[in-house]
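Enquirer: Below are the chains, spelled out letter by letter.
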Amino acid sequence: MGQVNATGALDRREVVQKLLAGRKDLLVVTGLGSPSYDVMAAGDHDNNYYLWAAMGSAAMVGLGLATAKPDHSVLVITGDGEMLMGMGGLATIATRKPTNLTIAILDNGHFGETGMQVSHAGLGVNLDRVAQACGFGWTREIRDMAGVDDLRTRLSSRDGVKLATIKVKAENPPRVLPPRDGVYVKNRFRAALGHAPL
Amino acid sequence: MSDAGPTPGSQVDWRHDVFRILKEADVKHMVYVPDAGHSTAIRLADEDNAINSVVLTTEEEGIGYLAGAWLGGERGALLMQSSGVGNCINTLALQACTRFPLLMVVTMRGDWAEFNAWQNPMGQATEKALNLMGVLTWRADEPQDVAPLLHGAASMAFNGDAACALLLGQRLIGEKQWVK
Chain C
561 MGQVNATGAL
571 DRREVVQKLL
581 AGRKDLLVVT
591 GLGSPSYDVM
601 AAGDHDNNYY
611 LWAAMGSAAM
621 VGLGLATAKP
631 DHSVLVITGD
641 GEMLMGMGGL
651 ATIATRKPTN
661 LTIAILDNGH
671 FGETGMQVSH
681 AGLGVNLDRV
691 AQACGFGWTR
701 EIRDMAGVDD
711 LRTRLSSRDG
721 VKLATIKVKA
731 ENPPRVLPPR
741 DGVYVKNRFR
751 AALGHAPL
Chain Z
-11 MSDAGPTPGS
-1 QVDWRHDVFR
9 ILKEADVKHM
19 VYVPDAGHST
29 AIRLADEDNA
39 INSVVLTTEE
49 EGIGYLAGAW
59 LGGERGALLM
69 QSSGVGNCIN
79 TLALQACTRF
89 PLLMVVTMRG
99 DWAEFNAWQN
109 PMGQATEKAL
119 NLMGVLTWRA
129 DEPQDVAPLL
139 HGAASMAFNG
149 DAACALLLGQ
159 RLIGEKQWVK
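In the order they appear, the protein sequences are chains C and Z. Quick note, the working numbering runs 560 ahead of the 1-based positions in the first sequence. FYI, the working numbering numbers position 145 of the second sequence as 133, with every residue one higher than the one before it.
It cannot be assumed that every hint is accurate.
In silico DSS-like cross-links for lysine-lysine, where the CA-CA straight-line distance does not exceed 27 angstroms [claimed, not checked]:
id, chain 1, residue 1, chain 2, residue 2
1, C, LYS578, C, LYS657
2, C, LYS657, Z, LYS16
3, Z, LYS11, C, LYS657
Everything labelled a hint here was simulated from the structure, so no lab data went into it. Keep in mind that this is a model prediction, so the values were computed, not measured.
Taking the hints into account, I'd like the entire structure generated from these sequences.
Expert: Structure follows, in structure tokens:
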């Protein structure tokens, strides 16, 4: 334990920009707070589903979506605090082993939205090792952009459930706010997949 | 008031009705934290290749899961015990703010003839807590009421993008035998 992992060196906006470059039909779910702003900063998209609440739910939304859409690749982008609140979901996801689901945790080791208190990840809990112990097929701790690039190439492979913790700097870039109308975002996302509103 | 002896609905197999009505509602995902009252539906879901049967570590996982399945165009239902409703409260905001069909089937504890009083606080608060979060609720205490009430709840969830819960009362499920 200790704070050896409290911060990484990567720029979160640069990481997300890189992950989503050339995204094609990738479906993206974001955890509340900074990951939603990071994905919005990389460009709004009909295939983005932004969470503004329900902390701990991002990975499970990804599981439900990946199960219903096995012919699409699904990427969950969330933070270490959000993933910690739903850590049991890693066990549930591991039992299902959706080959088309990847979870990317932007791990700054802190609760960035609430005043930068150190998180469990910052105190030494390695979420990628938790996922590995649960039975994820591929896990990594990523500390450089080459690792991010490698992850990007794996997003469309659909060859096993994956999770990466990406060590980013503990900082809050200017907020870029995605739409807060959840019904609008839901209907837009579904429409892009050919599903009509009620 | 005696609960011994046959009742008009005693020939109705409500445990199978739960699964049958969910299938008729085109449910493709049954996600659950186990409860004895749900054991038949869970077993039938496990055996059905057209159903994704997903065991959860905690009930609120099911709300996120079903939100995601609906984004992908598929219907599901969340099966749990009344104690699990307490675990779901904050996550119900996801349904309130995005309005996707959320169908829940809740087996009651702390409701009638409860031996373990530690179940009573959440059991007594279950329906009120759901209503406070905007969930529509129905209660079945008689076997013959399960199928029509579940059909109605499913209909209003999937036709109204609503959160709907059917509570299966402890009198329906039967008194738990603690000492055999």
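Enquirer: Run every hint past the structure and note whether it holds.
Expert: Status of each hint after checking the structure:
Restraint check: the Cα-Cα separation between C/LYS578 and C/LYS657 comes to about 26 angstroms, which is no more than 27 angstroms; the hinted pair holds. Between the alpha carbons of C/LYS657 and Z/LYS16 the distance comes to roughly 17 angstroms, so the proposed pair stays at or under 27 angstroms and holds. Of the supplied pair hints, the one linking Z/LYS11 and C/LYS657 holds, its CA atoms being roughly 24 angstroms apart against a limit of 27 angstroms.
Comparing the model with each earlier hint shows no violations; every hint is respected.
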